[in-house]
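Each protein sequence line maps, in turn, to chains A and B.
Numbered continuously in our numbering, the first sequence closes out at residue 1948.
Numbered continuously in our numbering, the second sequence closes out at residue 1948.
Don't take each hint at face value.
[Unchecked claim] Here are the simulated EDC-like cross-link-like pairs (lysine to aspartate or glutamate), alpha carbons at most 20 Å apart as the crow flies:
1. K1462(A) to E1446(A)
2. K1851(B) to D1298(A)
3. K1693(B) to D1863(A)
4. K1851(B) to E1923(A)
Keep in mind the hints are simulated off the structure, nothing from the lab.
Listed here are the chains, written in short residue letters.
There are 2 protein chains.
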Amino acid sequence: MATTTLKGQPFDRPILDSMLRRRMFYTPSFEIYGGTAGLYDYGPPGCALQANIVDLWRKHFVLEEDMLEVDCTSLTPADILKTSGHVDKFADWMCKDPKNGEIIRADHFVEEVLEARLKGDKEARGVTVEEKEADPKKKKKKGKAAEAVKLDDAVVEEYESVLAQIDNYNGEELGKLIKKWELKNPTTGVEPLPPVAFNLMFQTTIGPSSNAPGYLRPETAQGQFLNFAKLLEFNQQQMPFASASIGKSFRNEISPRAGLLRVREFLMAEIEHYVDPEGGKKHSRFHEVQDVELVLLNRDTQLAGQTKVEKVTIGKAVADGTVDNETLGYFLARIHLFLNKIGVDQSKIRFRQHMANEMAHYAADCWDAELQTSYGWIECVGCADRSAYDLTVHAKKTGAPLMVRQKLETPISITQWEVELNKKLFGPQFKKDGKAVEAAIEALSQEQRESLALTLSQDGKITVEVAGVGNGKVEISKDLLVIEKRTRVENTREYTPNVIEPSFGIGRILYCLFEHNYWTRASDGGDEARCVLSFPPTVAPTKVLLVPLSGHESFKPLLKYLSLKLRSLGVSSRVDDSSASIGKRYSRNDELGTPLGITIDFQSVNDKTYTLRDRDSTKQVRADEETILAAIKSLVEGAKVWADIEKELPAFEGQEADLPVR
Amino acid sequence: MATTTLKGQPFDRPILDSMLRRRMFYTPSFEIYGGTAGLYDYGPPGCALQANIVDLWRKHFVLEEDMLEVDCTSLTPADILKTSGHVDKFADWMCKDPKNGEIIRADHFVEEVLEARLKGDKEARGVTVEEKEADPKKKKKKGKAAEAVKLDDAVVEEYESVLAQIDNYNGEELGKLIKKWELKNPTTGVEPLPPVAFNLMFQTTIGPSSNAPGYLRPETAQGQFLNFAKLLEFNQQQMPFASASIGKSFRNEISPRAGLLRVREFLMAEIEHYVDPEGGKKHSRFHEVQDVELVLLNRDTQLAGQTKVEKVTIGKAVADGTVDNETLGYFLARIHLFLNKIGVDQSKIRFRQHMANEMAHYAADCWDAELQTSYGWIECVGCADRSAYDLTVHAKKTGAPLMVRQKLETPISITQWEVELNKKLFGPQFKKDGKAVEAAIEALSQEQRESLALTLSQDGKITVEVAGVGNGKVEISKDLLVIEKRTRVENTREYTPNVIEPSFGIGRILYCLFEHNYWTRASDGGDEARCVLSFPPTVAPTKVLLVPLSGHESFKPLLKYLSLKLRSLGVSSRVDDSSASIGKRYSRNDELGTPLGITIDFQSVNDKTYTLRDRDSTKQVRADEETILAAIKSLVEGAKVWADIEKELPAFEGQEADLPVR
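With these hints in hand, go ahead and build the complete structure from the sequences.
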């Protein structure tokens, strides 16, 4: 499927890209030094867009549910990431080309070569090769184009099946695929070396001595987990609750391409929602979202080598088990609503379930919100059920009580066989073996205890197997222990919460917003495309452009007055009093995505009436100051749309002579 | 001078500190792993406080002056920081103790030992030793206390002079001081090894190969400088202008202590204001701030070993040259106004000028806004004139045109001696020496050119000195060049702007706010101090606490209704429906700095009237919903203060029975 612009025009990425750089939405970092792959800076409009999205995120998630926001450090001692599994497992598979030393990502390499061969096959069969949507993970490298070689039908089928589950292979499997099909680096013509794991974390040293290794966090989650006990206390022991964090994370990608979509430093917004694992992980507000319709691509479909999606309500998806539980489902729906709110194209969202090998090492289930772009479907939000993994491993490592003590409304009584040792005699009897014997007794099952109790009462002694002590069997006489059935009453229940984690890559969402809101206006006879970014007013970097008719002195006080007035309404504005024509100035701001413009002319000076212009239609209305400001406020807050304003206020024509009336 | 609380009570740091941790304003990072010096996380109230301060900063600086905000990466290739001078010079001096291997900061070490000796001297002289305000840089280590040894008067004077200018010594000088006075590490009793430089940047590697070293940025400034040309273009070539950035920076402190005041990862907010170096660096809005009074501690006073400050208007300080120029002065005043706005104690601000050796390697002049705390005077904002240093070095290194081309209103004509070579003949004549000869000619001064022109016309040839070519002298005949006086007209002027840089350490400001707004309420007969943080409503983490009289079901709809109502007014609120008494719940929120509280009782359910409580006075008023919400809005926006509300609305007494009426 070819990508199109917001208005259904064929999408031309280089034009959008050059516009985004020209308007400084983003720019390669350190460009005057030649740049560094995977590092980008945001200029003023990109920065404002990012701030607005973060602000909406905070309102939609954090404030809406009283989440506990924390700000943890990026620098992380190695110990913590060792425990979490990142030191051992947070890696991609990379291959080295033995001829030129190039380092390539194994999965991307397999994809590229197989796709090139499939393309060659189609050519050989005389099939018109449609330009396949490129994936950022497999952007073509310069090198020899695939030759038009016809493949066996069975091979074609096998290649296609591999590609549909490419994310499901580990390094060994990728190595086998490379060997099996003799996949060669197109640049050098040789087969790369077998894949080896490359850890994606940036390493450093904390402090002046070299024995304190640390990493830059690859996600914001660990800092939140480590604070779990304090956060629970802050929340006055109430469950469920969520923590949230907005901050930079770092991943040392092997060879980042595809602009803002695969970068080495990026802003994340992550939620860790803690839920009782018992009772099916219900969510008290699930009913509010149960009718939200989502497009789902589940695990089984992908494993069958297909990409067919289904559109269902989240209520149904949870009911039929496609989505594991209510809490996970609640967040999938909330993510969907958030993406809509900020201006993502409804028709370009799908939720894809992770396959088993693809899931992060901690996840029990995981769905990605993917957005469609010219690079293919891009994972922008992950929503994982991390189960009790993280809290458990950190608690085990440190001994910290990362758990919930729940007061039981009705205490429960537990009856079971218990063993009580006579410590006074037990120690002296077994000496250095005491601990091992004690552990062996502790490990006895209820059934064993019951039978041993009988033996003890009959024989006055029992025999217990203790590996490594004597001949592996230890005799214990009845003066050393008591085995009996006892009943105790428990008033509290202890459990380690499970974690549902919605995790947002803000930079990726930003890029998708560019593509989803971009279109071009038919130019006034000229060749150049006139770009427009139709951001919703809530996320647009600047809401109002103030344009004086000319640089005439009489406009200056009005400009200052209006700027202040708008600021007091909480509406961001910019003045463009450059000498360019009004049309040019509006054009520039169409590219910046500014939804509204106020033109100040000589009549404005006399009677304080202004022209208000709508970015998308270029239509204009005219009214007095109070009316115009009220209209702006209602548009920016989303209470009204331009069609409402057009109905209410008199149209104004002319003046913007060099813009075509659509 | 002993520190006091906001209400003039003796300040007890451990009580404040334990409260800040208990309420999770901040907490040591990775505490369950034993923590890591210099790394702290912010919990929910700290996070909200930080967000509010950043928001006010953005409004006060960025929006007020249409600054261009950018967001650059923390990861920085080594090249850039080599050029900027950080790789070579961004270091502290550290000494190693030869006995136990301890690594200590040289300047802090000298300070500690000299102060201990001075203290010992006072004791020996029988002078009561006042508890000196500790400096975070010289927090006492455990070790042998100084003995009461009397020093010569001359030595005392010398020590005191050294301490007054301790920031002015380099490593060699510190080493000499250690040798001269045989300063010994109190822990081991031996003299440490001579100071060596320790670079404060965290190093890492960018990408999979090990030949791309990089650092975490130690300041946000460099990213802004590298984007200068793009930002100037974005600003449509208009000067002056400023860029701004809010983001994390990283410094690998040698042995961080003093909590939030010296950390390894911190949030900075930096402005780079670009100004034409000609014309005295005037600022068009200086008149708006010229009457702002600042407390100044200038360089000369410090070098004279004193700490006497003067309170003057910034207008006078710039006029008499104490502060170098208007733009620097403008920002000092704006910084002062910002600090006041967020709740810094007016009587605890001073601006201290840097001494020569103390200044960063790039600075031409620098003033720090220092805030007084129990740790002494803390540098919270730096305001440096970085001159053209950064833009110049980066332009030189990369060839990028980091400069301004100013169109001259009246073109200037320049008349001078110019040399024109006959390239056709010149090359073949000198062959490989051509470049050297050309460079020698290019380097000739106007006087030399004038004299050579005469020679050329008389003799038909000239002799030019060219090092390394032939015997060092080269003869050039008149067919190879023309030397004549020519006049050209220039319409543009090129210059490298100077940079004025206000640079804010947000974490330090946060900590000072804690101390400046903290006080304790006389307890109700109990022993425990009841802490209050009297943040201004604008920066308070939460504005309104909603307190139902009890957990009764009938309050729940009202709580939800009021939360939504407040949210729609942009006012953050929290519900506390725990089972604690109303007084306890208010007490908890006094510690969180929540300025207002609404009590919901059974009457509220019937007639929608509420009690509104003021944190600082604990006074209460009662009115209907609309009136209460209007009062809250006016208080939060700073339009009114509590005294106004008390006059307007009827007082309400009782209910908060367990709080003393002040």
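Going down the list of hints, with the structure as the test:
For a cut-off of 20 Å, the pair hint linking K1462(A) to E1446(A) stands: about 17 Å separates their Cα positions. For the suggested pair K1851(B) and D1298(A), the alpha carbons sit about 46 Å apart, so the restraint of at most 20 Å is broken. Of the supplied pair hints, the one linking K1693(B) and D1863(A) holds, its CA atoms being roughly 18 Å apart against a limit of 20 Å. About 16 Å separates the Cα atoms of K1851(B) and E1923(A), which keeps this hinted pair within 20 Å; it holds.
Hint 2 from the list above is the single one not met by this structure.
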